[in-house]
Amino acid sequence: MALRGRITINDNLCKSCELCISVCPEEAIRISDGINYKGYHPAEFIKDMCRGCALCSIVCPEIAIEVYRER
Amino acid sequence: MKKVFTKPKCLKDIPFHYCPGCGHSIIHRLVAEVIDELKISDCVIGIPPAGCAVLAYNYFDIDMCEAPHGRGCAVATGFKRAQPDKIIFTYQGDGDMAAIGTAETLHAANRGERITAVFVNNAVYGMTGGQMAPTTMIEQKTTTSPFGRRSEVEGYPLLITDLIATLKGPAYVARHSLATPAKILATKKSIKKAFEVQIKGLGFSLVEVLSPCPTNWKLSAVDAYKFLESKMEKEFPIGVLKDVTKRK
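These protein sequence lines are chains A and B, in that order. Just so we're aligned, residue 5 is where the first sequence starts under our numbering, counting upward by one. Just so we're aligned, residue 318 is where the second sequence starts under our numbering, counting upward by one.
These aren't lab readings, by the way, just hints derived from the structure by calculation. If you're wondering where the values come from, they're calculated on a predicted model, not measured in any experiment. One or more of the hints may lead you astray.
Heads up, simulated SDA-like pairs for lysine to any residue below, C-alpha to C-alpha not over 20 Å straight-line [claimed, not checked]:
| # | chain 1 | residue 1 | chain 2 | residue 2 |
| --- | --- | --- | --- | --- |
| 1 | B | K506 | A | A58 |
| 2 | B | K324 | A | T12 |
| 3 | B | K320 | A | G56 |
| 4 | A | K42 | B | H334 |
Please build the complete structure, drawing on both the sequences and the hints.
Okay, here's the thing in structure tokens:
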């Protein structure tokens, strides 16, 4: 069974640089329609596609992403 | 579910002031992770530069002391000689280390001071508005070289890390890039090695990190990382340039 994971994105830290989207192998992140208090459209997590590889958190300059993985 | 990635402990819970996609905050995180892994947060002293990272002391939960522009290695020398049991690192940009602080850096390296320097190279003066730096590449456009840098007028980019690697004092000299997640992890390993070299007292250690500046390169964050890999890594080849621990 493939690894399953989950990420949490802190909306108010995100500056919408889209680096996490460019590295995600499962395309499990997208830019949301909402606006955070800095005025950016933050990235948001699309459920059930994440494998918990943590590539998004490695490239995230704002340390806005926390990664959880099963096992 | 098990948490596999979170903020390092020695970074404070303060949002970074850097532009979207800036490499500085990634390098801050790597340095903080290394300090956490080596468990040296109570005996490490950091020296932030003048430049975009001038406010680095706001983010690190360790002792830090600001140095005058370019004098990071000189201030670090003083700290290390006064308190040899402390771990001292400087965090410097390309304007700081390759322009105004060349003399201080080269001589600290040549003396083999037991300090670690983290050198962030983004090929422009970021904070002052994107002027040409000594490390600006040929044909790269900046606000003071609007038609691109020309070698016959402005000279060639200064590869100060290669210069330092030719000296006898340094123990570990490496150049890395933030272009991909794998290279970011390699950068972290190298920074850890540089701190370990200092802890062992082998000599000066320097890690140059090629970092993107999307704002002053006039690119989107994703394109800036592609530019970093396709253009900048050709001008500044990445790799370990000197490692005395391997020779023994």
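Checklist line | Hints violated by the structure (numbers, ascending) | finding: none
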